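Residue numbers (the UniProt record's numbering), protein chains in the order written: chain A, 1 to 229; chain B, 1 to 229.
Keep in mind that the hints were calculated from the coordinates and are not lab data. Treat the hints with care, as some may be off.
Since the list gives no way to pick out one identical chain from another, each pair is judged satisfied if it fits inside one copy or across any two copies.
[Unchecked claim] When the alpha-carbon atoms are kept at most 20 Å apart in a straight line, the in silico SDA-like pairs for lysine to any residue are as follows:
#1 Lys54 - Asp217
#2 Lys31 - Gly89
#3 Lys31 - Glu149
#4 Lys11 - Ile45
#5 Lys141 - Thr85
#6 Lys11 - Val227
None of these values were measured; they are calculated from a predicted model.
2 protein chains.
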Amino acid sequence: MTRVLYSLCGKDESRPFSPHCWKVALALAHKGLEFVERPYPFTAIANIEDGFSKTVPILRDGDRLVRDSFEIALYLEEAYPDRPTLFGGEGGKALSRFIESFSQMIVHMPVTKMAIMHIHDMLDETDQVYFRESRFERLGKPIEELAAEGEAERAAFASRLEPVRRTLHFQPFLGGDSPLFADYILFGALQWMRVTAGPPPLSQDDTVLQWFERCLDLYDGLGRRVVAA
Amino acid sequence: MTRVLYSLCGKDESRPFSPHCWKVALALAHKGLEFVERPYPFTAIANIEDGFSKTVPILRDGDRLVRDSFEIALYLEEAYPDRPTLFGGEGGKALSRFIESFSQMIVHMPVTKMAIMHIHDMLDETDQVYFRESRFERLGKPIEELAAEGEAERAAFASRLEPVRRTLHFQPFLGGDSPLFADYILFGALQWMRVTAGPPPLSQDDTVLQWFERCLDLYDGLGRRVVAA
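The shape of chain A in the complex, shown without the other chains (with noise of 0.2 Å):
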């Protein structure tokens, strides 16, 4: 084997749930390309491949060593173009990256709040205290107090969505018929969430979280083997 996909973990190297990482696992998926996962946590990425990158995922591709989701995933519809494609086309490329911004501006934000106490929990302590410094560098607040913000999050959680609730009245999927790397991107995000925190707050009867579920049974289940938080 000769493809490996190095990505985040806590202590339990059997629940990865970086966002990142779970969108180039459908990615491959998609490809029909096999793969090994290998979770590391935190601290540990700067050694994967001599230090290849600060940040996983990093795919490598036999001699090939790739970073960053969406680099790897325009890199595996050039390297395989004669498999299903991740994007249809050059206007599906562009326009990924705009459900890519979306996920990050809008979706990311809350997940973070929601979860950052669960993620801080699952963590060994020499990655808890990297999480805690890194965090407050980057958000400007402890842990605890982006947590305490968590609930009303939750609250307004599903009426952020309202742009995929609408496009998904149109089609059953962002990508239209059948998913593309477009939904592979909100559905790493919503799967952040239910690994470390549980499942979104969504309704039942919400055609976002019904969408979210179709992704989590696709290629027999591969983000549905991981049970939810």
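Model the placement of chain B on the given structure of chain A, informed by the hints.
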């Protein structure tokens, strides 16, 4: 000339303002298709082409009549496959629905509040009565009350466009190196604001405003030909 875009205006026919009609105007120009635009007041739409549609845009293309901006773009893509693509493939088609949903759910309401009194004042008396009643029915508030919320919307407007801003960090248009229908969707919302209430409240160094200016320049300044209010 057998190609007609039926659109929307107030008392001044030279200032069509419907966001959805602007999308189609740019889509036609993108395809290099000549057309004449025939703007009608709200209360005259029901008479266009023997009552073909309750809303504009309506496109007459020879024998064909098509309604709804997205449907018209899909029609043009199918009818004129040898002209420049509006979607860049099937993925772009599907993901353009997400851009449309973002524009409708995140951008249209603030523009409505910022522009509603200006739109009212552009209309003739018959349309003013219709506009007041239909907006009350749709939005549950008198237009004066909606307009009063406009100031707060001005202050928050730039932040609503964060996902657009981040996308433009990677590429000059939502569609990539050159514009696609996705760009015209968002352009339509900002042009609606510009023609009725003046330039969107974005700072000069905002990449979103710079993108909007690039869109105004497209096709010999098709959008710029109507001066800002």
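Cα distance capped at 20 Å. Does Lys31 pair with Glu149 within a copy, between copies, both, or neither? Classified as neither: same-chain Cα gap 39 Å, cross-chain 49 Å, threshold 20 Å.
Check Lys31 against Gly89 for me: Cα-Cα at most 20 Å, and say if that holds within a copy, between copies, both or neither. Both: 15 Å inside a chain and 19 Å across chains, each within 20 Å.
Intra- versus inter-subunit Cα pairing at 20 Å for Lys54 with Asp217: Neither: 31 Å inside a copy, 41 Å across copies.
Check Lys11 against Ile45 for me: Cα-Cα at most 20 Å, and say if that holds within a copy, between copies, both or neither. Cα proximity of Lys11 and Ile45: one copy only (14 Å, versus 64 Å across).
Checking Lys11 and Val227: alpha-carbon separation at most 20 Å within a copy, between copies, both or neither? within (16 Å within a copy, 61 Å between copies)
Intra- versus inter-copy proximity for Thr85 and Lys141 (alpha-carbon distance at most 20 Å): Answer is neither; intra-copy 41 Å and inter-copy 47 Å both fail.
Hint compliance for this structure: hints 1, 3 and 5 are broken, all remaining hints hold.
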